[in-house]
Amino acid sequence: MKKGTLKQILLITDGCSNHGEDPASVAALAFEQGMTVNVIGILDDHDENADALQEVEDIAESGGGISQLVYQENLSQTVQMVTRQAMTQTIQGFVNKELQEILGKDETMTDIEPEKRGEIMEVVEEIGETCDLEVLVLIDTSASMYHKLNTVKESLIDLSISLNARIGQNRFAIFSFPGKRKTVQKVLDWSPKLDAVSTIFPKLTSGGITPTGPALKEAMYQFGKKSLFSSLKKPFRDDENHDQEAWH
Amino acid sequence: MIKKHGINIRPGMTITGKWHQHKYVVIKQLGSGSIGTVYLCESEGKYVALKMSDLSTSITIEVNVLKELDKVQGNRLGPYLIEVDDWVSADGTFPFYVMEYLHGTTIRHFIQKNGQHWIGVIMLQLLDGLAGLHESGWVFGDLKAENLLMVDSPPRIRWVDVGGTTRIGRAIKEYTEFYDRGYWGMGTRKAEPSYDLFAFVMVFLSIYYPKHFQRTNQPKQTIFQKIDQIKSLKPYRACFKKAIVGAYATSSQMKNDLLKIVNHSQRNRQRTKNKQQGSRFIEVVGITLISLTYFIIAWFSF
Chain V
1 MKKGTLKQIL
11 LITDGCSNHG
21 EDPASVAALA
31 FEQGMTVNVI
41 GILDDHDENA
51 DALQEVEDIA
61 ESGGGISQLV
71 YQENLSQTVQ
81 MVTRQAMTQT
91 IQGFVNKELQ
101 EILGKDETMT
111 DIEPEKRGEI
121 MEVVEEIGET
131 CDLEVLVLID
141 TSASMYHKLN
151 TVKESLIDLS
161 ISLNARIGQN
171 RFAIFSFPGK
181 RKTVQKVLDW
191 SPKLDAVSTI
201 FPKLTSGGIT
211 PTGPALKEAM
221 YQFGKKSLFS
231 SLKKPFRDDE
241 NHDQEAWH
Chain G
1001 MIKKHGINIR
1011 PGMTITGKWH
1021 QHKYVVIKQL
1031 GSGSIGTVYL
1041 CESEGKYVAL
1051 KMSDLSTSIT
1061 IEVNVLKELD
1071 KVQGNRLGPY
1081 LIEVDDWVSA
1091 DGTFPFYVME
1101 YLHGTTIRHF
1111 IQKNGQHWIG
1121 VIMLQLLDGL
1131 AGLHESGWVF
1141 GDLKAENLLM
1151 VDSPPRIRWV
1161 DVGGTTRIGR
1171 AIKEYTEFYD
1181 RGYWGMGTRK
1191 AEPSYDLFAF
1201 VMVFLSIYYP
1211 KHFQRTNQPK
1221 QTIFQKIDQI
1231 KSLKPYRACF
1241 KKAIVGAYAT
1251 SSQMKNDLLK
1261 IVNHSQRNRQ
1271 RTKNKQQGSR
1281 FIEVVGITLI
1291 SLTYFIIAWF
1301 SF
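Protein sequences, first through last, are from chains V and G. Counting along the first sequence from 1, when you hit position 145 you're at 145 in the numbering used here, and nothing is skipped either side. All you need for the numbering used here is the position in the second sequence, starting with 1, plus 1000.
Just chain G, same shape as in the assembly (with noise of 0.2 angstroms):
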């Protein structure tokens, strides 16, 4: 898309809110979608995200629903808001907000390094994040991995753009094609909670067909057949294909079988873990045994 942003900012600028007066040195820029562009900040010593925007609409529609996840019980899978102003510049009054900056990698990235078992893990605590949002009236709605981070000690998943979330009952704001299943075919672009629950199962795909796959007459075949071939993926098949079709109407519901997947699997690791320990036993004790007999046979003949 070809934007005619009036907004000319450079890393080394500092910008002062017209309101509060709170200065913000420009690092660099951390990146920039339909809405606006979020710049990474220092403030008295402190890494800040700040987005800013000439749609002064999207950026209070943004902050509105910041305002809304921090009230959420118990959820931290949004950034924190933390100031709202204007930006006075030669080319004219730009809003911008400021908040979080949250640093990690891609959820991808981090399977790669620290192992398929971390998965389960993580949807858990995605979909707990989910819980919480729709049990507040709200949906995410622009679930994607782009939209995800992985943070550090504690791993944990965070969510980085607010900017598509929808009170439930509306009409989807924002969506990625890949993610939307209004343009599968397989739904409304109504917010609801079986539309984020399409979007993770897609999430959740997207780790392994980084590249994605195209369409088709007959998409939920094709969804299907995606989810099949993956084989880190086979003990949640069911639970998967569930959400595609919209059969979870809750996230708890779908939390509530993931979960007995998850401990299941766990549980099996644990038993082959075991069992491979209990062999290693035998065979180290039976290497002992073997070689203290000749030990004494060799004793022996002397």
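The shape of chain V in the complex, shown without the other chains (with noise of 0.2 angstroms):
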């Protein structure tokens, strides 16, 4: 089977958003082109606002996503948790594309024995553990996400300890929003780990308005730019686990 490359944004936020298009028809246009994106929403001490849950909830849907709605505290395991079960479900997707090819239409894993599910699921996991993975972040930094951002963080660099831990390769990109003058700010170029995180981030300031369905776009466009851009060059390979010291 040819390795192919998965494709995320994971878009963290902690409230609606307030200004141009809905986000929801943006991720689904992200998903029409092979991405998935996936929201984190951060709650409150338990105050829960319906709005934003629900949003959280319709642009996962529309992206072909996972959302998920965590407190602060929570966060580290979430985000990986998030990433790897979008993962599955992505493969899961094209797994059950090629079953219905071979069992016939409107077929699916749920339409099987469960106990002939194992041996599909082994390819699934097979393949989720050896495909290649790049991850734009997409970090909301609206006023009141700024208490939250060294949480962010930390999960962020726990997430990229998870997954270089698996054989196939990752790139990863962070982006917040709103940007100064710009919809989104780049924090953080491709790459394979996310080591520098620890001194960008300090240097995000936060501002009021919270374009999440402009900032998605955005991010879109940055796949696309980069996909563009590395057709040129050849793919980058990286050492594995030569710098664990560096994380902490």
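Keep in mind that the hints were calculated from the coordinates and are not lab data. Keep in mind that a hint or two might mislead.
[To be verified] Simulated DEER-style distance windows between Cβ atoms: (1) G:1014 <-> V:143: 51 to 59 angstroms; (2) G:1020 <-> V:147: 50 to 58 angstroms; (3) V:200 <-> G:1245: 27 to 35 angstroms; (4) V:16 <-> G:1247: 46 to 54 angstroms; (5) G:1118 <-> V:111: 29 to 37 angstroms.
[Unchecked claim] Derived DSSO-like pairs (lysine-lysine); straight-line CA-CA distance at most 27 angstroms: (6) G:1220 <-> V:153; (7) G:1220 <-> V:116; (8) G:1211 <-> V:153.
Just so you know, even glycine gets a beta-carbon here, dropped at the ideal spot from N, CA and C.
Two chains, two frames, a set of hints: combine them into the complex.
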């Protein structure tokens, strides 16, 4: 089987967008172009805002991804869980399509006897372990997110520890929104590790508006730009595990 | 974490499998994790544990692991798998599996009740299980106090949640920060035996630090300090520290070290016991002699 690259946008936010187009429609557009959009909604201590919750779910649903609401203290594990589950879901989507060609229309995994699902899942897991992965992290830095940024930073470093334990290659990029006089701000350019995050993060400033839709669109565009660029260059490979010490 | 399960199960309900038509009467909820919820059920007069989730893929992965564990020679640490099926409810179709119901107490509770001298035995039992698992090409992954249970007659350690079990060489699927060497900056999250051995030490630390302890800028020193502060763990200090820094490549290496320590400390205890018994003997004989003397003196003075 040809080894493919999974493309994910991971949106980390704590509230409603209030500027520009509907983020769910942008997410649908991204999904059409082969990316999945996952959303993590960070909750403030025990006051739930129903609108914000609904938006988080809507964006992920139209983006073919996974959404999860979480309190700050559980962020690290959620970030890695959502990313992994979204990978599995995407791969399973491919596998389901293949299965339909073999088994006939409308047949999915749940129509197969449970005992036989295991073998299919083995294949899905194998692909998930070995495929290449590109994650564009899009962080909402509007005012209310300010005191959560340190947790976000830690959870991203943690994500790269998890993903770099895989056999397949990873590439990460981080953008924040709103940017200074722009929709998004580049925090970290495509790189196989997230070490640099520690030094860059404190420089993030927080703004007033939350243009989630336009920011997603920009993220989508960044993905396109990157693939155009990397097709001209040899894909970047990095020696694994050579600087574990640099993490903390 | 906030979940959006569509699953609505209450005690007293009967769950009937779509494929095998077996009936399970729900007694109560046993626990809920990131992947699903486990219920205590009754089926044909027996207690079983039933795990249900809306994540079909995760359930299937766990079933795969349980099947693999059944193949591991001599392994009776994990629960054995009874059945896999789907439940068709008004809210949708949910996959579930049924496994052996394990009933017991936590290691911490067990040691509080039965004494510190059990700790070495428990360590060896757990390490034995891990060795079997590692030799078959698997790593437990999410090894933590909550996933371990002491069952009765005879007292044995068992593991209850195998969701984190990962093939050696792959990335660890599930972990809990306190037990995860990646979190502590003490290594990768690659599934290798040394990953479990780090968590093994943290499991035994968690018995003495039930509220755990915080990560610092010097994680190694912090963990070492915490090991040193526990008197009951004194014989195991060197061995634990080797496991923390990843110096054991296999679980049998650690087991060999541990076996020596446990045998040694058992013998020591035996020796002190003998010595105590010996002195008590002298004491008893001495008192008898003295009282006999007094008795004779008294006898003759008449």
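Hint check:
1. G:1014 <-> V:143: 51 to 59 angstroms: This hint holds: roughly 52 angstroms between Cβ atoms.
2. G:1020 <-> V:147: 50 to 58 angstroms: holds, 52 angstroms
3. V:200 <-> G:1245: 27 to 35 angstroms: holds, 31 angstroms
4. V:16 <-> G:1247: 46 to 54 angstroms: holds, 51 angstroms
5. G:1118 <-> V:111: 29 to 37 angstroms: With a Cβ separation near 50 angstroms, residue 1118 (chain G) and residue 111 (chain V) fall outside 29 to 37 angstroms, so the hint is violated.
6. G:1220 <-> V:153: holds, 22 angstroms
7. G:1220 <-> V:116: violated, 45 angstroms
8. G:1211 <-> V:153: holds, 25 angstroms
In summary, the numbered hints that this structure violates are 5, 7.
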